[in-house]
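These are the residues of each chain, in order.
Protein chains: 2
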Amino acid sequence: MLKKKDKYVTAVVGATGAVGGEMISILQERNFPIDKLRLFASERSEGKKLEFRDDEIKVEVLREDVFKGIDIALFSAGAQRSKDFAPFAAKDGCVVIDNSSAWRMDPAIPLVVPEVNPGDLKKHTGIIANPNCSTIQMVVALKPIHDRAKIKRIVVSTYQAVSGTGAKAMDELLEQTKSLLSFQEVKCNVYPHQIAFNCLPQIDVFLDNGYTKEEMKMLNETRKIMGDNSIQVTATTVRVPVFRGHSECVNIEIEKKLTANEVRAILSEAPGVIVFDAPEKGIYPLPLDCAGKDAVYVGRIREDESIPSGLNMWIVSDNLRKGAALNAVQIAEKLIEFAQ
Amino acid sequence: MLKKKDKYVTAVVGATGAVGGEMISILQERNFPIDKLRLFASERSEGKKLEFRDDEIKVEVLREDVFKGIDIALFSAGAQRSKDFAPFAAKDGCVVIDNSSAWRMDPAIPLVVPEVNPGDLKKHTGIIANPNCSTIQMVVALKPIHDRAKIKRIVVSTYQAVSGTGAKAMDELLEQTKSLLSFQEVKCNVYPHQIAFNCLPQIDVFLDNGYTKEEMKMLNETRKIMGDNSIQVTATTVRVPVFRGHSECVNIEIEKKLTANEVRAILSEAPGVIVFDAPEKGIYPLPLDCAGKDAVYVGRIREDESIPSGLNMWIVSDNLRKGAALNAVQIAEKLIEFAQ
Numbered sequence: 001m002l003k004k005k006d007k008y009v010t011a012v013v014g015a016t017g018a019v020g021g022e023m024i025s026i027l028q029e030r031n032f033p034i035d036k037l038r039l040f041a042s043e044r045s046e047g048k049k050l051e052f053r054d055d056e057i058k059v060e061v062l063r064e065d066v067f068k069g070i071d072i073a074l075f076s077a078g079a080q081r082s083k084d085f086a087p088f089a090a091k092d093g094c095v096v097i098d099n100s101s102a103w104r105m106d107p108a109i110p111l112v113v114p115e116v117n118p119g120d121l122k123k124h125t126g127i128i129a130n131p132n133c134s135t136i137q138m139v140v141a142l143k144p145i146h147d148r149a150k151i152k153r154i155v156v157s158t159y160q161a162v163s164g165t166g167a168k169a170m171d172e173l174l175e176q177t178k179s180l181l182s183f184q185e186v187k188c189n190v191y192p193h194q195i196a197f198n199c200l201p202q203i204d205v206f207l208d209n210g211y212t213k214e215e216m217k218m219l220n221e222t223r224k225i226m227g228d229n230s231i232q233v234t235a236t237t238v239r240v241p242v243f244r245g246h247s248e249c250v251n252i253e254i255e256k257k258l259t260a261n262e263v264r265a266i267l268s269e270a271p272g273v274i275v276f277d278a279p280e281k282g283i284y285p286l287p288l289d290c291a292g293k294d295a296v297y298v299g300r301i302r303e304d305e306s307i308p309s310g311l312n313m314w315i316v317s318d319n320l321r322k323g324a325a326l327n328a329v330q331i332a333e334k335l336i337e338f339a340q
Numbered sequence: 001m002l003k004k005k006d007k008y009v010t011a012v013v014g015a016t017g018a019v020g021g022e023m024i025s026i027l028q029e030r031n032f033p034i035d036k037l038r039l040f041a042s043e044r045s046e047g048k049k050l051e052f053r054d055d056e057i058k059v060e061v062l063r064e065d066v067f068k069g070i071d072i073a074l075f076s077a078g079a080q081r082s083k084d085f086a087p088f089a090a091k092d093g094c095v096v097i098d099n100s101s102a103w104r105m106d107p108a109i110p111l112v113v114p115e116v117n118p119g120d121l122k123k124h125t126g127i128i129a130n131p132n133c134s135t136i137q138m139v140v141a142l143k144p145i146h147d148r149a150k151i152k153r154i155v156v157s158t159y160q161a162v163s164g165t166g167a168k169a170m171d172e173l174l175e176q177t178k179s180l181l182s183f184q185e186v187k188c189n190v191y192p193h194q195i196a197f198n199c200l201p202q203i204d205v206f207l208d209n210g211y212t213k214e215e216m217k218m219l220n221e222t223r224k225i226m227g228d229n230s231i232q233v234t235a236t237t238v239r240v241p242v243f244r245g246h247s248e249c250v251n252i253e254i255e256k257k258l259t260a261n262e263v264r265a266i267l268s269e270a271p272g273v274i275v276f277d278a279p280e281k282g283i284y285p286l287p288l289d290c291a292g293k294d295a296v297y298v299g300r301i302r303e304d305e306s307i308p309s310g311l312n313m314w315i316v317s318d319n320l321r322k323g324a325a326l327n328a329v330q331i332a333e334k335l336i337e338f339a340q
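From first to last, the protein sequence lines are chains A and B.
The numbers in the UniProt record's numbering rise by one with no breaks, and the one at position 192 of the first sequence is 192.
The numbers in the UniProt record's numbering rise by one with no breaks, and the one at position 28 of the second sequence is 28.
Since the hints were made in silico from the structure, they are not lab data.
All the pointers check out, no bait thrown in.
Per the computed footprint, the stretches of chain B lying under chain A, defined by three or more beta-carbons under 8 Å from a beta-carbon of chain A, are:
id : region
1  : 186-198
2  : 240-246
3  : 282-292
4  : 300-307
A few chain B positions that, by computed beta-carbon distances, are all more than 10 Å from chain A:
id : residue
5  : M1
6  : I24
7  : K58
8  : F88
9  : G93
10 : S101
11 : A102
12 : N117
13 : D120
14 : D147
15 : K150
16 : T165
17 : D171
18 : F183
19 : K256
Note that the Cβ used here is the ideal one computed from N, Cα and C, for glycine as well.
With the sequences and hints as input, model every part of the structure.
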C-alpha cells in the first residue's frame with residue numbers, strides 16, 4: 001500500500017515515447033501531487049531534457065537501482081523492460097503502474113480501470129497493470145450496461161489510430177502521406193504494409209487460433225477487469241490512417257432488454273463517459289474530435305433487432321489519454337485516495 | 001428478354017461520374033460485344049468527349065426519347081434520374097441495369113449479383129437493379145457458406161472508401177489531406193465532417209430507428225439477393241480515409257459448425273472469390289491491393305468461439321468495380337448468355 005503523503009516522488013519510465021510524453025503532460029494538467037519528478041528512458045535518450053511545470057528535467061538512464069526513494073513509477077517502456085525492471089522497483093517500495101502487456105494477465109496483479117474496478121487496487125503488491133487501450137474505452141462504456149442488463153456477448157471491430165503503435169508510427173503515416181502526394185516511393189518501416197489511405201487488419205502478432213494478440217486481449221482483459229468470466233467477446237482489430245483516437249463498433253447481446261433511450265440514460269450518468277448521440281444533427285463521436293480529450297465518447301446507440309436483446313454503439317476515445325497515460329495517472333490518483 | 005444478337009447497342013447513363021467511367025473501362029477490358037456505345041450525362045457535360053477503344057465518343061444529354069434502338073443501358077446517374085428515365089428506356093425495349101437505389105427493393109425488379117442469384121434475371125421486365133456496393137461484396141463471400149451451413153445472423157462493420165460517394169469525395173479527401181499537410185484550413189463540402197485522418201460513422205442519411213439507409217440496405221438487400229428472409233443482419237457502416245476499396249469485418253452465426261479450414265476450402269472454389277488468408281506471412285486483404293481488381297478477397301477467417309457455431313472474416317473488394325460497375329457489366333453479360 002502507498003503511504004499517505006502530501007506529495008509523492010514520481011517517475012515516468014519511457015519518458016521520451018508517445019505515451020510517456022502524454023503522461024508528463026497529464027501529471028502537469030491535473031496538478032498531480034508531485035514532490036519530485038524523475039524521468040527515465042533508454043541510453044539513446046540520455047541527457048535529453050524535457051519540460052515539466054517551469055523546470056527542465058534531465059532524462060536518466062533506467063537501471064535496476066534507481067527506484068529507491070521513488071513512491072510511484074508510471075512505466076510505458078515496452079513489455080520486456082517492464083518485466084526486467086518493475087520487480088526491482090516494487091522491491092524498493094515503489095508502486096509501479098505499468099502500461100505494457102507484461103503483467104496484465106498475471107493473476108496476482110490487478111488490472112484496473114478506475115471507473116470500473118477501483119477496488120482491485122487494494123490487492124496490489126507493488127505492480128498494477130494498465131489495460132490495453134482498446135479494452136479500456138470499451139469497458140468504461142460497457143460496465144454500466146453490464147451492471148444493469150448483464151452482457152452475454154460482445155462483437156467488436158476496431159478502427160485504431162497509429163499513435164497506438166507509438167511516435168514512429170505517427171511519423172510513418174505522415175511521411176507516407178507526403179510521399180504519395182508528391183508521387184514518391186512509399187516506405188514501410190513500422191507496419192508491414194502501407195498505412196496511408198489503407199486499412200490493416202492486423203494489430204500485434206498472430207496467434208495459433210488466427211486471432212491477433214490485440215484481439216485476444218479484448219477478450220481476456222475485459223473478463224478480468226469486469227470480474228466476469230462468463231462474458232463472451234470476439235474481436236477484430238484494424239489499424240486505420242488516423243493519428244489519434246481509437247473508434248470501436250460494438251455489438252452486444254444482453255440478458256435484459258434495454259431500449260436505446262435507456263442506454264443513453266444509463267451512460268449519461270456513467271463516470272468517464274460522454275454520450276454524444278444525436279445523429280440526425282450530425283452528432284456522433286469522431287476520433288478527430290476526441291483527440292486530446294479525457295472522456296470515452298459513445299454514440300450511434302441503436303437497438304439491434306437481429307436478436308431479442310441487442311445493442312449497437314460506436315465508442316471513441318483518445319488512445320494515448322484514456323487508453324494509456326490518463327488511465328495510468330487516474331490509477332495513481334486512486335491509489336493516493338486509498339493511501340493510509 | 002434480351003434478343004440474341006452478335007453485338008448490342010449499349011449505353012452508359014451517368015458516363016462522366018466515377019462509376020460511369022469505370023463502366024466504360026470495364027466494357028472495353030472485357031471486350032463486351034458492343035455494336036455502338038452511347039454515353040449520356042446531364043447538360044453540364046454536354047459536348048464532352050470520352051475515349052472508348054480507338055474512338056472518341058461525344059457525351060449526349062439524357063432525354064426521355066433517346067433510348068430507341070439501344071439494347072442495354074447501364075445507369076449510374078443517381079436514384080432520381082433513374083426513376084425519371086428508366087421507365088422510358090424499358091418502354092422502348094432497352095434493358096436497364098441500374099446502379100442506384102431507386103428500384104432495388106421493388107418486388108417486381110430483380111436485384112442481382114451474378115455469382116449469387118443469376119436466375120432472378122429471368123424474371124425481369126426491362127429494369128434490373130444492381131445492389132449497393134457494401135452488400136455485393138458481402139453476399140459474394142457469404143452465399144457459398146450459406147448454402148453449406150445456413151447463416152442465421154450477420155454482424156457487419158464496414159470500412160468504406162470515399163469513392164463510394166463519387167469523384168467529388170475523392171477530391172475532398174485529397175484536398176483536405178493537402179491542406180492539413182500545409183497547415184491550411186480544411187474545407188468540408190461533400191461530407192459533414194473532415195474525412196482526412198478521421199472515421200465517419202455515417203453513410204447516407206439517418207432513419208427513425210437510428211440506422212442509416214446504408215445500414216438498412218445491408219439487411220434488406222442481403223435478404224432479397226440471398227432469397228432468404230430469415231437471415232438476420234445488423235450493420236454499422238463507416239467511411240474511412242481510403243480512396244478505393246471497401247473493407248468489411250463480418251461476424252456470422254451459422255446453423256452447422258464449419259472450421260476455418262472448411263470455410264477456406266468452400267470459398268476457394270466459390271465464383272468471384274479469392275481467399276487471401278495466410279496472416280502468419282502478413283497475407284490478408286487490403287483495400288489498397290484490391291483497388292482495380294475484380295474479385296472479392298476474403299481473409300482473417302477464424303472460428304468465433306463466443307458462440308457454438310460462429311465465424312469472423314475480413315472481406316475486401318473494389319467498390320467501383322465489383323461493388324458497382326463490374327457487377328453491372330456482369331449482369332449484362334449474364335443477360336446475353338440467357339438471350340434467345
